[in-house]
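Quick note, the sequences are listed as chains A and B, same order. Heads up, the final residue of the first sequence is numbered 154 in the numbering used here, and it's a clean run with no missing numbers. Heads up, the final residue of the second sequence is numbered 1724 in the numbering used here, and it's a clean run with no missing numbers.
Watch out, some of these pointers could steer you wrong.
[Claimed, not checked] Pairs of lysine to aspartate or glutamate, DMTMM-like flavour, derived with a Cα cap of 20 angstroms: (1) B:K1540 with B:D1494; (2) B:K1204 with A:D15; (3) B:K1247 with B:D1314; (4) B:K1417 with B:E1377; (5) A:K54 with A:D68; (6) B:K1722 with B:E1601; (7) B:K1301 with B:E1312; (8) B:K1326 with B:D1314; (9) A:K146 with A:D120; (10) B:K1247 with B:D1266; (11) A:K12 with A:D52; (12) A:K88 with B:D1623; (13) A:K88 with B:D1213; (14) B:K1261 with B:D1274; (15) B:K1261 with B:D1289; (16) B:K1649 with B:D1289; (17) B:K1670 with A:D121; (18) B:K1255 with A:D19; (19) B:K1301 with B:D1289; (20) B:K1204 with B:E1387; (21) A:K146 with B:E1667; (22) B:K1537 with B:D1266; (23) B:K1670 with A:D123; (24) A:K12 with B:D1274; (25) B:K1566 with B:D1544; (26) B:K1207 with A:D92; (27) B:K1261 with B:D1249; (28) B:K1677 with B:E1312; (29) B:K1670 with B:D1604; (30) A:K146 with B:D1666; (31) B:K1670 with A:D120; (32) B:K1670 with A:D125; (33) B:K1247 with B:D1284; (34) B:K1454 with B:E1601; (35) A:K146 with B:D1672; (36) B:K1204 with B:D1623; (37) B:K1247 with B:D1267; (38) B:K1129 with B:D1213; (39) B:K1255 with A:D15; (40) B:K1388 with B:D1420.
Calculated directly from the structure, the hints in this document are not laboratory data. Values in this document were obtained by computation on a predicted structure and should not be read as measured data.
One-letter residues, chain by chain:
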Amino acid sequence: MATILTINGERKSFDAPSDMPLLWVLRDVLGMTGTKFGCGVAQCGACTVHIDGKPVRSCMLPVGAVRDRPVTTIEGVGASPVGAKVQKAWLDLEVVQCGYCQSGQIMSAAALLAATPNPDDSDIDAAMAGNICRCGTYVRIRAAIKQAASQRQS
Amino acid sequence: MAISLKTSDRFSRRSVLTGSLASGFLLAFHLPVRAVNEPTQPPDDPNGKFAPNAFIRIDSAGKTTLVMPQVEMGQGVYTSISMILAEELDADFSHVTLEHAPPSDKLYGNPLFGVQATGNSNSVRAWWKPLRTAGASARAMLVQAAAHQWQVDPASCTTANSEVMHKASGRQLSYGALALAASSEVQPKDVPLKDPRNFVLIGKPLKRLDTPDKVNGRAVYGIDAMLPGMKFATLAVCPVFGGKVAKVDDSAARKIPGVQKIVVLDDLVAVVGDHMWAAKKGLDALVIDWDEGPNARVSSKGIWDDLRAASEKDGAVAKSRGDIAKGLATGERLEAAYELPFLAHATMEPVNATVHVTPDACEIWTGTQVMTRVQSEAAKAAGLPIEKVIVNNHLLGGGFGRKLEADMVVAAVRVAKQVDGPVKVVWTREEDIQHDIFRPVYRDTIAATLSDGKIVGWKYKVSGSSIMARWFPPGFQNGIDIDAVDSAVDMPYDIPNFHVEYVRAEPPAVPTGFWRGVGPNNNVFAIECFMDELARKAGKDPVDFRRSMLGNQPRFLAALNLAAEKSNWGEPLPARVGRGVCVQPSFASFIATVVEAEVDEQGDVHLRRITSAVDTGIAVNPDTIVAQLEGGLIFGLTAALYGEIIIDKGRVQQSNFNDYRMLRIDETPKIDVHLIKSGEPPGGIGETGANAGPPALRNAIYAVTGVALRRLPIDRALIAGKKT
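Construct all of the structure, not just a fragment, from the sequences and the given hints.
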């Protein structure tokens, strides 16, 4: 039975068991490999996507639970002003090293700024502590979120 | 493109190494290997382009492609290498295209290793001269082509932004327009290199070339390889090291929708499916009886008992100067032993490889630090000649030494041999951690004597696994692993009677491999912790104590002074807050670091501020160097605070990020990295931060609590409630 999801504004139809995590639908069924597998148990945040604008770990989210809520992934986040500003700040401050976790970092940061346009350090800690970066880019992630926030106002 | 290895090259290289090591000329990792790649060597298939060497291609439309001999795993090396090539080529840096190199030790062998490998923080130092020469040589040929066309003296031409110009006549030609003609020009000999004062790219903080696609999901890592008709697989290796499959009941797994095949090999079981979810569910549904074999009783406790006993033995002498017996008989004596745990790498991208095996070929898609090793190991596993194995490299989602190994590719090839069409084999995080190739346990013992506040005798023994003996046998000679003692023999302090030994002690069953920071990781920890204990015994400030023995080391002294100044060393701090310092001699860079941390009543450690001062010679891309320190410090501090793999009943006890913890953003302090300007050749940087963090933090804890921790990770129970 075909499942239909709205991903980055496009309707996608595919066959997948309803208990299959959204992560594997995106990566292995739809070939959208920007969303990453890191741990499979919602411990690292590499698989973060937006469901209805909220950050969700797609490795633990059964695709059947998405229903008609819109999905945004790293491939589509730049279409929103907040997402684009986050991406730009990430490049301006040269946050990225290996980059593998950064899809998830950017998704978490964009969701933070959409909900909290001027986050302080504790807001950033709370929103971003679920995203592990093994390259240790945290100092720049914090700075880039602040830069993106300041550009929102200007 | 697959290129065969020349075994005669390999043998001649090995004999060069053996000879020099036998003479006792131990320069640690500074292997005296002749550069095997000749920058003037053309690629096998220039394909109609101007291809003066293995690294540069310019087509007639002006497209400039740079081929990367080193791999990009986050360290920024694709940008640094491109800057070095483009600097001497005078290419338009904003329009270069990069390609991963194919496997070829002949064309892309790392000049410091002799094989195509990315590690030991040596990409820029190894390739500095060869790539400058490659760029300059290509530029000279383009200039000659223009000069011929214009009938002018080549010396009257200049170059910039991928154009040759003749100012006197106002003529100019693009590199693209000259590409065809340049192809028939003669390679110049002894081409001059730029005076560093004339660098236009090197030394500028340029934007990385690999990052734009890493913020929009377009970057392709090994795990992202997608091929028509591909299957997806995941696997379970016997949880006990070295164990075998006894029996598999796959009746439940076969009923799971999307499961295509169960592959049972002697030591592992893989489930192949339409997607990772089917494979994972299928694997969970298998009932596997394992024959646990002889290692089912191996435990960390037994390994430590054995290592401690081994470390009491005399070792092979790696370096000795002065009279150590006399030195150790003079003044006040202090002894200590430092112990470091097994560690997993936990690259964010779990290990994986996609493989397509056909009767007469094997094609691989993965991200590896060792292209030719992967090719040769895969050939063995596939039972094919090496030239039938094609390896497509990718961006690496972290390397840290894990991808200096080919085990994940070999496993994938063995599975793929049982599958029609391509199959992507992805390890779960649990398999990735439990079947890593681990940073070995080390025990470092040091005895030293103090007289008039200075060290007069220093006897340092490193005991632990020899990774070199397995991975690069020429690096293990006469009982000495040159990596395990790398910074022990290169220690910067001026000590008259100095002696370093190494005891090889292999843990049973547990495979050991390189981990970010490599040998210096254990050396720097032991040395810098002990320096603080000696300073305390001498009644001296830790920075002053080090300064007094760095008189012959101006670059270290400058780094230490700058780190002390910028960290406000010596200025008052709140209660329960301390500073700790580390000076490190590794990878030909000169670095001092100060960590400021709070230790609360419960023994919890809170990082407050880190200051590093770095002299790494010419800083090719300065911002990348700062980033590598920032990240490396976090990597090392993660291990110091949390990192330990424990073995019980032959099995790894940790499994995922819940019990193999990583430092997170809410624990990350402010980090200030100060670069010292230098005209010396570039040093290494990628691993330095990982080595600086742990001893500097431990010394900060020592300053706060008075407890001399001698084991990692930090044991909160030992420091709770303690205060100097």
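Hints broken by the structure, by number, lowest first?
2, 3, 19, 20, 22, 28, 34, 38
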